[in-house]
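Chain by chain, the residues:
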Amino acid sequence: MFEQLINMVFSASFGYSIIRITSPILFAALAAVVAEKGGVVNIGLEGIMMISALFGVLFSYWTNSWIPGVIGAVVIGVLVAMIMAVFALKLKTDIILAGIAVNLLGGGGTAFLLYLFTGLKGNTASMTTPNMLTPKVHIPLLKDIPVIGQIFSGHSVLTYLAFLLVFLVWILLYKTAMGLRIRAVGENSNAADSVGVSVLKTKYIALGISGALAGLGGAYMSMYYSQSWNIGIVAGRGFIALAAQAMGQGEPVGAMLSSLLFGFASALGNKMEGMQGFSSYLVASIPYLVTILGLVVYAMSTKKKIKRFRENAK
Amino acid sequence: MENKRQSMFEFFRGFAAIAIAILVAFILILICADDPGKAMECLLVRPIFSNGAINLKSILTIFARMTPTIFTGLAVCVMFSANQFNLGGEGAVMLGGFVAALIAIYIPLGAGVHILVAILAGTIIGGLVMIVPAVIKVRLKASEMVCSLMMNYVIMYVVLHFLNNVFADRSKGATQSYPFMSSAVIPKMISNTELSWGFAIAIIATVTVAFFMYRTRWGYAIRMIGINESFSKYSGMKVGGMIVLSQVIGGMLSGMGGAIEVLGRDNTFLWLNLPGYGWTGITVAILAKNNPIMIPFAALFISYLNRGCELMSIYAGVPSEMIDIIQAVIFLFFAAEHFLAGTRQKIVVKDAKEELQKKEVAAAGEGGNK
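Those protein sequences? They're chains A and B, same order as listed.
Residue 274 in the numbering used here sits at position 291 of the first sequence, and the numbers go up by one each step.
Residue 273 in the numbering used here sits at position 256 of the second sequence, and the numbers go up by one each step.
To be clear, the hints were calculated from the coordinates, so they are not data collected in a lab.
Just so you know, even glycine gets a beta-carbon here, dropped at the ideal spot from N, CA and C.
The hints are all genuine.
Label pairs and their computed distance ranges (CB to CB): (1) LEU163(A) <-> VAL365(B): 36 to 46 Å; (2) TYR251(B) <-> TYR143(A): 46 to 56 Å; (3) GLY293(B) <-> ILE54(A): 31 to 41 Å; (4) LYS119(A) <-> PHE43(B): 44 to 54 Å; (5) ILE364(B) <-> LEU183(A): 24 to 34 Å; (6) LEU183(A) <-> GLY293(B): 27 to 37 Å; (7) TYR251(B) <-> LYS119(A): 53 to 63 Å; (8) TYR231(B) <-> LEU183(A): 31 to 41 Å; (9) LYS189(B) <-> PHE261(A): 17 to 27 Å; (10) LYS286(A) <-> ASN308(B): 35 to 45 Å; (11) GLY31(B) <-> ILE54(A): 35 to 45 Å.
All chains, please: the whole structure from these sequences, using the hints.
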């Protein structure tokens, strides 16, 4: 049994599925990174992904093309994030509560909106046409290399965008004036305020970017991963992304690595499900357990670091 | 200073938040219902009145559906009072319900004892699981929110595993457990309704939690930590212990709610997904402004709306998920501290002016006497 498992882990298709599963979490984890850097906890990622996933399908259905769908998902993501921002920043609703409200909207509200717009209940499987799905990209040259080509080529456009965004978000945060402002506001908003940075405006921007990234994650789910929208489509990925952000120490690359870890655990679970002797339910819980363990390990290492730092200071 | 006018304003503000939510509901109904009038009647009136008479059965159903959310509302109330954003109520409810169900099915006990033991087991297991995020928070400073969210899913899958692979009743078409022994089923308050004696336990729990939070040292410590953690620490409270305690109490209340819901409503374990009471509990706690005594009223309100939405989906074809949109809107406005801040400002200024005037008059009077 274990031999079978090991063979499977070292197969090219396994690598392919890790990347496929990681992508949506990566989008959301980057969203969490940007928000957190700006000093706002965006717990509404789950809801934003749900809503964007739905509107991605709707927009692409209305236009019969995937590009407006993706753009629509991003716009809606920003819009929902802005609603959150108005409540949290202007009307002073606790940001966590605002996030929970967005998740409520994402949970049942989307089912209602779906009915409102299409008359369908629960899922959009009957609407899907090939034009609505984001296309797979086969990278020339790379795709012909054995193993590596099989793993890295043939993913959705959005997958490549997700990994490119890790780099772009890093540039944004560390190489642009806007990024500096976002980090300054997150680190010490009073200090930022005292040198003339508009704290509110910066937080709005951070949340907006966060919403856009989560929107892409939603689009990936409904327009590629599941090929249609349904009520259980996001299944806690927005929450996992929060964990990935914490585990990745709030940095884009760290968040990518922890998203990959989650992707690995998930892919492993998916493959084990088909094998004899594993309970599919217990296997499905592995990624969440791994996330908790990851959090604990990360927290322990930070604690040690602080201790060492203090001892050195003596 | 809290005075009458300001508390009136607070009341009005809550009312405005609810009014906005109902307004949103009306707009949605206008867009999607074939017969908006009938839909609105279903939402607002039909839970109590139908066909020109008071519908007692429906009213009792509303009360019955309050029971689990009172428990989760209280749980959230205790945890949020200590500023602990533990969102693991969902998981604790499901696990509490499942463990209680197992005892109800497999461990034969005497008539009265059986119910007690089953509920107690659900309560304890709920408290035990919450130790995990609480201790991780206190010892390692890791977010209890993320940890408890992840735990919900772990609990759900573990319960589903045992339900499907170990305890399933294969003679039934749907996935469910074997039926409970009759000695473990919580009796109904009124026969042929959904209302069980679990409702009475919920009310007792409310009074107990209110007493605990406002009349005991631990309750005081929990509230103090929520208001100012550093102050609590330097005034000698055991902050870590209290943080764990608040979350364990939250878990116990959720577990108890799950156990009572499972044993009081059906006669077998039927949950194949997280039941959602944990999230509703948060709405309820927000509506009650974290005041335990107000929890049943908030739960009643949500339960009423829920029933209304249900009837609306049956008789007027509006999807019952509208309740989530209404809840989200109430939630956002209710928790918004600066909602109608302008009006509040005016009231405060007016009060201050009046007080100044009074003082001046008094001072002038004194001056005249001298």
